[in-house]
Amino acid sequence: MIVTNFFQGLRNSLFGKTPTQRWETRTAWLFLAPNLLGFMLFTVFAVGMAFWLSFQEWDLFNQSNPVGLANYIRLFTGDPDFMRALYNTVYFVIGVVPAGAVLSLILALLVNQKIKGVSLFRTALYVPVVTPTIAVGLIWVWLYNSDFGLINSFLSQLGFSQTPNWLTSSTWSKPAIVLTNIWQNAGYYMVIYLAALQNIPDQLYEAAKIDGATRWQQFSRITLPLLSPTTFLVFVMKTMGAFKIFEAAYIMTEGGPGGSTETIVYYIYKNGFEWFRMGYAAAIAWVLFAIIFLCTLFQFKIQKTWVYYE
Amino acid sequence: MRETLNMVGITKPAAQQELLNLRFANNKGKRIHNQFFWERALIYLMLILFSAAALVPLLWAVSSSLKTPEQIFLFPPRWIPNPIRWENYRMAWTMAPFGRFLLNTSFLTIVITLLQLATSCLAAYAFARLQFPGRDKLFLLYLGTMMIPGQVTIIPNFILMKFFGWVNSYKALIFPAVFNVFGTFLMRQYFLTLPYELEDAAKIDGCSRFQTFLRIILPLAKPAVAALTIFVFRNEWNSFLWPLIIINDTKRMPIQVGLAFFRGELHTEWEVLLAGANIALIPIILVFLACQKYFIKGVAVSGFGGR
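So the sequences go chain by chain: R and C. What the first sequence shows, in numbering that gives the first Met the number 0, is residues 0 to 309, in sequence order. What the second sequence shows, in numbering that gives the first Met the number 0, is residues 0 to 306, in sequence order.
Source of the hints: derived by calculation from the structure; they are not laboratory data.
Selected chain C positions facing chain R (Cβ under 7 Å, derived; list incomplete):
| id | residue |
| --- | --- |
| 1 | 46 |
| 2 | 122 |
| 3 | 125 |
| 4 | 147 |
| 5 | 148 |
| 6 | 152 |
| 7 | 155 |
| 8 | 156 |
| 9 | 175 |
| 10 | 178 |
| 11 | 280 |
| 12 | 291 |
From a predicted model like this one, the values you see are computed outputs, not experimental measurements. The beta-carbon is built from N, C-alpha and C at its ideal position, and this holds for glycine as well.
All chains should be built: construct the whole structure from the sequences, respecting the hints.
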C-alpha cells in the first residue's frame, strides 16, 4: 500500500495528476527529446566536463592528473603570455566597442533619411556583415600590404611619406585588426539602430520643431535618450563579441608579430589544440567566461545611470 | 500635423491654421529650398563615402584576383586589370580542391540548417505551448547556458568526438552544431506571441498535438523560421574554429578551413590566393543579395544574441 502510494506520488509529480495531464507530459517530452538529448550531452555535460578539466592536467594521451587550483594560479601568477593575451583582448574591446557603436549610429541616421536610393545604400553597408571573416581577413592582409597594399598607396597619395607596416609591425597590428573588425560589423549594428530610430514617433520631432528646437537639440534631447536602451544593447553585444575575437587574428597575423595580436580565444586554441594542454585550456576558457560575465554584469549595473526607459 | 499641434497644446483652430500656413509659406521660400538641397547633397556624399568604404575592399579583391603577377605588384595600383586573367581562378581551383570544399560546405550547411530548425522548433513548441512538470526550470537551464561562451564547451566536445571516434568525420561537424540553444529560445519567444484560438479550434477538429504544430503553428511562425534559417545558414557557411579543430583531411574540409589551409600552401601568389578568397566569399554574398529582405528582418527578429 505504502509502496503504491509512493509510486503514485512520484508519477503525479513527474507526469501530472490526471490522465490528460500525463498524456500532455508524454507528448511534451517527445517534442523535447531530440533537442534535449543533444543539449544534455554537448552543452550540460560538456560544461560539467570543462569544469572538471580545469582542475586537471591532461595531454589527451596519458592519464589525467588532478592538480587542484594550479591551472588558475599559474594563469594569474606565472604566465606572461596569458597576461599579454588578456591585454590584447582588452585593447580590442576598447578599440572596437565605442568607435563601432558611434559609427553604426551615424550610418543608421544616414540610412534613416527619406531620400531616393537609400535602400541601395543600406544593402551596400550590410554586405560586409555577411562575409566570412577568414575570406575577408585574407583580403585585408592584401589591403594592408606595406609595399603594394591599397591602404598605403592611398596614404602616400595623401602625402604621407612614411606609411605604417600594418600587420608586420607590433605597433600597428592591433589597430589594423580593430579597423577590420569595425568594418565588418558596422552594418549589423546599423540595422539594430535603424529599427530603433524608426520606432521613435515623428510627433516628438514635429513638436520640438514647433518649439524652435535646433537639429542638434532634437538629436541630443530626443533621439539619443530614446535610443539609449538600444545603445546599451549594442554595447553589451559588441563587448561579448570583441572578447571572442579569434578568426581575424588567426588568418591575418597568426597572433603576431611577437604575440601582439594573440587574443584569449587564440591562446585557448593554442593551448588546447597545438600543445594539447586540455586542462589549462579549459581553465582559460572559464576565466574568459568569468571576465565576460563580470563585464556584462557591470554594464547592467551602471545602465541605471545613463539608460532612459520610458 | 493637427494632432501634433493638439499634443503640444495649440488647440485653437485659427492658431493652428496660422502655424500651418506659416510652415507651407516657408517651404516655398528659396532659401529654405537651398538649405534642403545642400543638406541632401551632404547626406548623399557621406552615404557614398561610407558605402565605398564598405565595398572597396571586396571590389579590390575581385580586381586583384584578375591580374597578372606583374600587374598586381604595380605601384601605384591600377583598378582595371588589363589583360583580364581568368586563369587565376582555374589555378586556385586546381591547386586546392575548392570544388570539394564548396560541396562540403553546401552539404553541411543544408543538413545542419534543416536539423537545427527541426529540433529547435519541436523543443520550442513544448516550452511555449505544452504544460508539463519542471518545464520552466528546464527552460531556465537552457537560458543559463546561453551565457557561457562556446569556447568553454569546445574542449570537452573535442574530447567527446575523440571518444566516439568521430574526429575527422562529417558526424563531428554535424551533431554538435545541430542542438542550438539560441534557436530554441528564439522560436519559443515567437511561438508565445501566437494566438491560442487557432490551436484550440484545431484541437476541437481532432488534430493531434503534432498535427497542430505542423499545420497551424509552424506556418504562422514563418518570419521566425526565416530568421533562424538565415542565422544558421550564415553561421555554418562562415564557421571556422570547430571544423579547424576537428577536421584535418582536405576531403572533408568546409570552405573557410580549406581556404586557410590553402593560404598556408602558397604565401606570395596573391592573385591566386585572392581568387580563392573570392570563391569562398561570392556564394554567400549572392545568397544575401537574393534574400536580403530576410537577412535584414532577421536582425530585428533575433536581435540579442543573433550575432
